[in-house]
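Could you put together the complete structure from these sequences and hints?
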Amino acid sequence: MTRDDEQPKERKTLDERARMTELERIRHSAAHVLATAILRLWPEAQFAAGPPVENGFYYDVELAHRISPDDFPRIEEEMKKEVKANHVFERQIVTREQAIKDAGSGRLGGLSERPDNPSKFKLGNLEAIPQGEPISYYRNGDFVDLCAGPHVMRTGNVSAFKLTHVASAYYKGDERNPQLQRIYGTAFKNKSEMDAYFKMLEEAKKRDHRKIGAEMGLFAIDTEFVGPGLPLWLPKGTAILEELETLAKETEFAAGYARVKTPHIAREKMYQTSGHLPYYAESMFPAMALPIETREKIEREEKAKQKQAEEEAALKKAFSNDVVKLIAEGYPREQAQAKIEQLWTNVLKASNAAHEALMAATEETENYYLKAMNCPHHHRIFAAERRSYRDLPLRLAEYGACYRYEQSGELFGLMRVRSLNMNDAHIYCAPEQFAAEFNAVNEMYLKYFKIFGLEKYQMRFSTHDPARLGRKFVDEPELWTRTENMVRDVLKNSGIHYVEVPNEAAFYGPKIDVQVWSAIGREFTLATNQVDFAVPKRFGLTYRDRDNTEKTPLCIHRAPLGTHERFIGFLIEHYAGNFPLWLAPEQVRVLTIGEDETLVQYANAIVRELRDNFVRVEGDFSSNKINGKIQAAETDRVHTMLVVGARDMEAGHVSVRIHGRGNLGARPKAGVVADLLQAIKERRA
RNA sequence: GCCACGAUAGCUCAGUGGUAGAGCAAUAGUUUUGUAAACUAUCGGUCGUCGGUUCAAUCCCGACUCGUGGCUCCA
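Just remember that the numbering used here sits 160 ahead of the position in the first sequence, which is counted from 1.
Hints in this document: simulated from the structure, not taken from any laboratory.
Take every hint as true, because none was put in to throw you off.
Simulated crosslink set (DSSO-like; lysine-lysine; CA at most 30 Å straight-line): (1) K280 with K332; (2) K322 with K359; (3) K371 with K789; (4) K509 with K477; (5) K366 with K607.
Here it is in structure tokens:
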């Protein structure tokens, strides 16, 4: 996930700054007010950058005192004073020499001059300003900051603000730079908008997939025995997971995909060839060193054994020759014995050396890796048979389990994990087939979004940066340009809304990430669609074309449902755990009013009928009061509750109650069952 | 990995320098029910782990583990 507004890779141009919205100006101004307040409390503080961000603003500060949320009230108190003073945000243009001088005297990002405490980060920021661009200060009261603006008119315009949290960040986002304290806050036009925001956050918190996942028994993360980032799918979560797989399998079957299945590990050669080891090694689990078991190794061992045998024979021969010689030379018995013992010791030494050499040959190991992606395995499936242009496009699909060694601090519920099941497929096609294939993939995305009622999404088209060819991106400038143009054309022609982001491509080609927004307002990359013009070539993948020559196919990597982990995490928040019938872990629960034997039989028959039709149904025939049973079913988020009492049984009815929608009244049993089956089949929302 | 904060029963949480409590859940009874919680009893914890301070540590200090919010990264 990238948020360009938070960590600008390149400086915003003055033009872009001028387009800042009113809310962004308020937030940016709030950052200056925050800096002013911090300086009142800690005059030695040094500031780096303080931009507006998606939900507020921050300012990076270097300060020996560790600011904690406990400090927020007094900082906010100082901020209020500054707001009340209603200072004008005054813009001033200065020369570079003047700015350097003011940074040196500690004036920038300060309330006054601080000769012993130069504004070192401001000096760094100053260097980033291109020659010829005007250098401006903004002043509010005593606080003067190097800043391109823009701001609101007066500090009094920053009326509704609140500090939210503190984090650490590296200066300019580079881990070689010093760590700063990043103080986050938010600001709004007025108090009521801010209250609405915090209310929304509160609501969002209730939808947190980790909380709902635990409540509903969908998944568990057993850090003690299994490990962090390695979720266990409990039966109810697995039910959702399998519904999604069924959906994918049906959709992909209809779209002409072929399903494959591949192992979870592969030899080092695989990832050397794919290029993942050089580019991606730190995201992979460390290698497993296994003894070499190949034919070459067996041959090598045979040779070593033979050599040892030969050496032993030679030693024996030399030894017996020596002994014969001793006898011939007529050594006295005592001398001969000592001499023979010495010769024998030499033989043993030589023999041991040969044996050790043999052992060393047998102990050679090679590295295997847990797969972090399925592509190389699929490439080898492509290579497993001779391919003709008639076989293309070849679409290989798999729900593949991958393992990525994400940094511990990155792990986050189901959203960032170390074991993941990808809705993966690779489409091998000829260049002239590319547009149609790529477009079909995009269409599939849209189809899925409709099923899940996802309305807010955005396609991010990530391209390469020519300056980083050969390092971040494979060094194939022409192929980059060509494939990027192809993708851009498809996007333009299909009319899909997209944004283009330079320098974010995969190392082997341009990609489209599909960003979706959860109800919590979190943005996630759910799905990805990548073009690969490099790796098929590295694997030597070819097909025989019409002109009877071997050609390398293009490869499209696509994962419309991303991973089970992230997608289900997202769906939990999207539906707040209230899944539609087809996805609900417990689709139906039959509740009896009382535990009369004939009634239980009637209820049990309904359970059996539904179960025979693959409906996930349970029965609650306990002696608890019906209100209590309903309460339990509602808190379990059972989609449909079928209440049966004596009245219903006599009429051949069931009383239908839908989670969140209440009692729908008694209806004929047969009709209700038929409706349920139909709704599940249609994956009705 | 880095910064900050946190960890008490299965869950939600209270609490104290003198080795712990509530509600829900679970279990066993009682109850025989009409659309969001019937009643009673019982069970349940080395207060994250390891070390230090102390006569005494769940509480104070330190390290570690894990989690949470961020940073870098990413599906």
